[in-house]
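From just these sequences and the hints, can you work out the full model?
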Amino acid sequence: MDVVDIARWQFGITTVYHFLFVPLTIGLTALVAVLETRWVWTRDPALLRLTRFFGKLLLINFAIGVVTGIVQEFQFGMNWSDYSRFVGDVFGAPLAIEGLLAFFLESTFLGLWIFGWDKLPRGLHAACMWVVHLGTLFSAWFILAANSWMQHPVGYRYDAESGRAELTDFWAVMFNKVQLVTFPHVVLAAYLTAGLFLVAVSGWLHASDRHREDRAVHRTALRLGAAVAMVAGLGVAVSGDLQGKVMTEVQPMKMAAAEGLYETRDSCAPFSVLTIGSLDGREEKKAFTVPCLLSFLGTGSVDGRVEGIDDLRAEYAERYGQDPGSAYYQVDDYVPVVPVTYWSFRLMIGLGMGAASGGALVLWLTRRGRTPSGRWFRTLCVALPLGAAAGNSFGWIFTEMGRQPWVVFGLMTTDHAVSPSVSVTEALISVVTLTALYGVLAVIEIGLILLTVRSGPAPYVEPAAPDDDAEDRPLAFAY
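Note that my numbering has the sequence shown beginning at 37, numbered continuously upward.
Keep in mind that the hints were calculated from the coordinates and are not lab data. It is possible that some hints are incorrect.
[As the list claims (entries may be wrong)] Taking CB as the label site, the calculated pair distances span:
{"#": "1", "residue 1": "Asp-339", "residue 2": "Ser-409", "range": "47 to 57 Å"}
{"#": "2", "residue 1": "Ser-457", "residue 2": "Gln-108", "range": "16 to 26 Å"}
{"#": "3", "residue 1": "Val-103", "residue 2": "Pro-499", "range": "42 to 52 Å"}
The structure displayed is predicted, hence computed values, not measured ones. All residues carry an ideal CB built from backbone N, CA and C; glycine is no exception.
Written as structure tokens, this is what we have:
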């Protein structure tokens, strides 16, 4: 392997790992805020217990997520310095705002929420978690705006003298058409993941004899999580459909590779649920297809035209590959790795649909006071968020791998983005070290989550009411 391959593996490993925490953080901040707000209105002790319990799980996930996310920023200078030099003026703006605005908003108000149980009025304390959730949404918006620019560059001009892309329209970057469909899709997937996390934790505790006296408490969280997952799952499907149409417009090669479609179909292009044949999909022996579905997914019409890989390859070679003076593109092949794109696309859809359907199933199984307690039900509950997390990961693998060989579509190829001064040995040491470190963090994360879940919600204790002397008391860590 060369430096490019190693750098891509490192960024892929660290990014997919980090994104395991991001959706759960976004979704859990909203659900914890909902639980506490309901407690403020009803004073139901069960709701306060659930607020504190899932709040603790949120803090564990948030802490590990922050640690793993820091590495992402440094990689742009470590392994991708040419990329950073080329797009830093555009790409750096949303990332800087994310750090200065969104992250500080999250961390500041999360600190107020942790230490303010006996300092702040009840409603104001609950509002802190809503602000934390707002901060996670801002953070997602700015990061996705940066990524959407890589998928569909807008609001810039290329300075030939400096060899850099320069920002000319900040709002065009913020409201990129790719961004407008990607953001709701990612956030709704986060709500789906967090809802199923509640289902897994509460379903496991509900089926445990050790926590039988709290089954009514766990059933409350179980039903809430299942309802959120079902509604969010429908939103993921709708937003994903819209995203597919925009993707076909701005990156037709990605959609062609997602189907392994080599020849252009002028109308009624079929979508294959499963294909048996050559690894690259060019030779087909057996395929289970849905007629005209690919045309509808890509264009919104069963008669829509979907361009094939061969025609697009020739078009890209003529548009980009005939410029020998370009420093940022001209490659031998403009086709992504078809097997990875094909299967990641289907795994994303299949796992997402399965997770949302599982939420609906749990909601139906727990109707009218019923709650199954068999081992099969516990297994179902625990499997659902794992499926959702895997679906999130395959979604990002498809998004990034389907863009290849571009790091910025139409402007810069991945081969030209890597740091020229990094050796193979240095890159290899880096990826091995970070993978080992992330493995240790995974053990810590799983251990803390399992330890907290096994303990269950703490007994009800009414938080001390703030009084005139509250400001003189030292801060108390609530966990």
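For this session: Please flag the earlier hints that this structure goes against, numbers listed from lowest up.
Result: 3
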